[in-house]
Amino acid sequence: MKKGKLKIYFGYAAGVGKTFAMLEGAREVQKSGIDVVSGYIEPHNRPETSKLIEGLETLPLKKINYKGIQLKEFNLEEALIRRPQVILVDELAHTNCHGSRNKKRFQDIEELLKAGIDVFTTINIQHLEGLNDVIEKITGIIVNEKIPDYIFEEADQIELIDIEPVDLLERLDKGKIYQLNKVNQAKENFFTLEKLIALREIALRKTADQVNKSAIRKAQNKKSIYAKEHVLVCVSASPSASHVIHAAARLAVAFKAEFTALYIGDLENSSKEEKDRLRQNLRLAEQLGAKLSVLYGDNVSKQIVEYAKISQISKLVIGKSVQSSFWSRENIVDLISQEAPELDIYVIPNARGQQKNTSGTLYNFKKIRFSLSDLLKTILMLALVTSCGLAFKYWNFNVANIIMLYILGVQINAIFTKGRIFSLISSVLSVLCFNYFFTKPYYTFVAFSSNYPITFLIMLAAGLITSTLIKRIQEQVRVSAEKSYRTEVLLQTNKDLAQVDSVVEILEATVQQLKKLLDRDIVIYPIKDKVLGDELYFSTESSKYNLEKYQNFNERGVAEWVMHNNKRAGATTNTLSAANYLYLSIRGKNQSFAVIGILMKDKNELETFEKSIILAILGEAGLALEKEILREVQQKNEIQIEQEQLRVNLLRAISHDLRTPLTSISGHAKLLMKNDSTINKLQIQELSAYIYDDSMWLINLVENLLSITRLDEKIELKLEANIIDEVVEEALKHVDRHLEQHEFSLNLADELLMAKMDVALMIQVIVNLINNAVKYTPINSKIELQTKKINDELVLEVSDNGPGISDKAKEKIFDLFYTDENRQVDSKRGLGLGLSLCKSIILAHEGQIYVKDNQPNGAIIGFKLPLEEVLISDEQ
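Quick note on the working numbering: the sequence shown kicks off at 76 and runs consecutively.
Just so you know, these hints were derived from the structure itself, not from any lab. Owing to the predicted nature of the structure, the values given are computational and were not obtained by experimental measurement. Yeah, the Cβ is synthetic: ideal placement off N, Cα and C, and Gly gets one too. No incorrect hints appear here.
Label pairs and their computed distance ranges (CB to CB):
| id | residue 1 | residue 2 | range |
| --- | --- | --- | --- |
| 1 | ASN855 | ILE759 | 25 to 33 angstroms |
| 2 | ASP231 | LEU155 | 17 to 25 angstroms |
| 3 | ASN287 | ASP609 | 48 to 56 angstroms |
| 4 | VAL926 | ILE759 | 39 to 47 angstroms |
| 5 | GLN549 | VAL474 | 27 to 35 angstroms |
No more than 25 angstroms apart at the CA atoms, straight line, and that leaves these computed lysine-lysine pairs for DSS-like:
| id | residue 1 | residue 2 |
| --- | --- | --- |
| 6 | LYS147 | LYS251 |
| 7 | LYS137 | LYS126 |
| 8 | LYS914 | LYS831 |
| 9 | LYS78 | LYS642 |
| 10 | LYS77 | LYS642 |
| 11 | LYS808 | LYS914 |
| 12 | LYS347 | LYS493 |
| 13 | LYS603 | LYS711 |
Make a model of the complete structure from these sequences and hints.
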């Protein structure tokens with residue numbers, strides 16, 4: 076379906092006339108015969124605006140009760156049902172109330188565009204995400220209703236509604252923008268001449284940039300005039316990170332560059348506030364068009380340099396940070412510059428209001444947090460070491476041993492406590508305890524010896540250094556474990572996906588890996604021919620979540636939305652957030668293969684680590700599904716080609732081989748029709764015999780073709796228990812009359828042998844086997860049909876003493892259209908159908924067919940069928 080076009084009426088402040096201009100534009104479009112509908116117009120209570128609405132079809136608004144208040148929202152569902160050519164939806168940046176299908180109105184408009192509906196809408200400059208921080212600096216006002224920049228940049232038409240700031244203030248004074256009682260408040264905040272001039276300048280510049288981009292896109296030469304650029308911004312939980320992300324996004328737009336956001340480290344020891352802030356920053360980067368990447372490691376500068384080299388980063392944007400270590404005066408910028416001098420580095424100062432010692436964008440120092448259990452561990456360890464030290468003193472051990480004992484205690488304490496603060500406390504208290512208990516004068520903090528201050532300093536330094544190293548090793552071990560686990564999960568996913576060979580098995584293998592990772596209930600909807608299939612539930616053993624609760628919300632409807640829009644939706648997202656599951660699409664390069672739902676009981680977002688692994692697993696699953704579907708398509712194509720080739724060969728063979736018997740029949744019949752006196756009775760009999768032979772050959776051919784068709788269409792066989800002797804007797808009535816020219820013998824088993832069979836098809840098998848022997852053996856050759864019992868199987872063999880079958884021919888003798896050109900007699904008439912048909916029929920009866928040499932010469936072709944018990948009832 077062709078995507079709809081988006082036209083944005085763009086202004087620098089409220090009251091410039093965006094809605095009025097949109098309605099005028101709609102009127103002009105309507106005059107040309109286009110179906111125009113008003114979806115939502117903000118009720119500004121302006122007479123001139125209301126007048127323009129008259130005469131336009133208006134969709135009924137959606138009424139939603141929220142906290143006892145009835146709110147009216149744009150009715151997306153009604154608009155999709157009505158499907159006008161053009162729809163008017165005011166206030167692009169509006170946030171929908173709770174209970175709406177989407178959280179933001181721009182998401183409603185995206186669905187309209189995807190449905191092929193053209194949309195007219197309005198927005199002000201302050202609602203663009205990429206300029207949000209700039210607007211905040213100018214106006215001092217935080218704007219919460221924002222849209223991602225890509226919505227504005229991908230618009231098909233931008234119309235700037237401009238008015239002089241002085242005229243705008245005049246409209247404000249007359250009450251044409253806000254009610255008169257709110258005019259003074261507006262002038263104190265937003266509507267000052269200086270602010271309006273600045274906003275107007277930004278809006279003009281933004282519009283000019285957009286026009287320039289559109290011109291470049293539409294140019295015939297679509298090759299960029301710029302060298303390929305790639306901008307990387309480093310993200311953390313710092314409050315100033317959003318400022319840095321906005322700056323990086325503007326830089327990427329200016330250079331028409333790829334845009335990537337990188338997060339390094341983890342927040343395991345961070346507060347909930349820091350974790351939430353990190354999620355917000357990552358979501359902001361994603362909304363501004365960045366591709367997200369997550370790395371884990373202790374050396375931040377080295378990780379950035381390695382990633383920049385691998386990803387071919389040309390420009391790095393970072394926040395101003397503190398020194399990288401206590402011992403080094405070099406900060407992270409200097410370290411990166413030394414390792415990657417070719418990289419352009421942009422250092423963004425801290426946002427207004429941020430402290431200079433804020434960690435910036437690169438690294439977030441762990442906040443000091445006390446734990447009662449760790450404090451008790453520290454005190455107990457100190458008491459234990461001091462007790463041991465007093466014992467050493469009593470036994471007159473050297474004081475150096477006591478010092479080493481305290482250093483050992485600091486190290487052990489570092490292993491069993493979390494956070495560096497307890498290592499610091501342990502180091503300081505160890506020095507104080509040593510001074511108090513083991514230096515003269517005892518039990519005071521006074522030391523007579525001039526050497527003790529140096530001893531104390533060395534003890535403190537040794538304790539701090541060793542405990543810091545232990546903490547760093549612990550952190551590196553944990554990070555390595557996370558890396559190893561992530562690698563193990565992905566490798567196991569690859570291994571599992573490589574071992575399965577169907578779409579269902581691939582989906583099941585993917586779900587098993589996700590269950591192992593998340594320990595959550597998962598639902599999956601396979602997609603076939605762009606239709607959502609039946610859901611498959613996978614519950615964890617620890618899950619107590621029942622199906623009824625799952626069905627309380629239209630979860631399938633959310634999955635349908637994800638399939639059609641190829642975006643995540645459901646719990647923890649801005650679209651259909653009332654759902655119980657978070658829905659993601661499993662995609663290949665050009666299509667969706669399934670929608671997967673992850674149960675989110677607590678409605679909290681997944682951790683960054685979990686999210687990155689999930690996306691990696693789904694990516695692997697998408698590749699595996701794409702490969703499997705391509706393999707299935709290729710297999711179907713090969714079967715079609717093979718069937719087409721068989722059809723061509725069959726038609727060619729039939730057209731060629733039918734000519735001889737038909738010519739013979741017509742020629743002989745023509746002679747008989749002359750009724751010439753020169754033709755005697757004997758000749759008439761001979762001509763009639765020829766006509767009969769050729770007719771029987773044609774009948775046999777047609778029977779074989781019909782049987783092949785019947786087997787190919789997998790028509791159910793009419794299996795009944797029959798005595799083989801009776802079937803053989805019936806078959807002999809239909810064999811080639813040239814059997815009379817051979818020495819034929821019938822050797823039936825002494826006992827009655829019975830098997831389940833389709834009699835008509837089995838007669839055809841026996842006839843084909845005998846006719847094959849007749850056809851490929853000289854006149855007067857011996858042909859024998861024998862039946863016997865071997866174990867629990869019925870065996871029927873047709874043998875001859877003819878020239879036999881070569882080993883090479885034995886491998887292909889049951890193939891369709893195969894004829895042995897080296898064999899004689901009537902082989903020129905054979906289509907290669909008989910024995911192939913025999914094989915198909917016997918296999919359909921769950922039997923076996925075989926060929927072997929006869930001794931001393933000739934061939935034996937036979938088959939085996941499972942025996943049935945013969946029951947003879949005594950009649951009185």
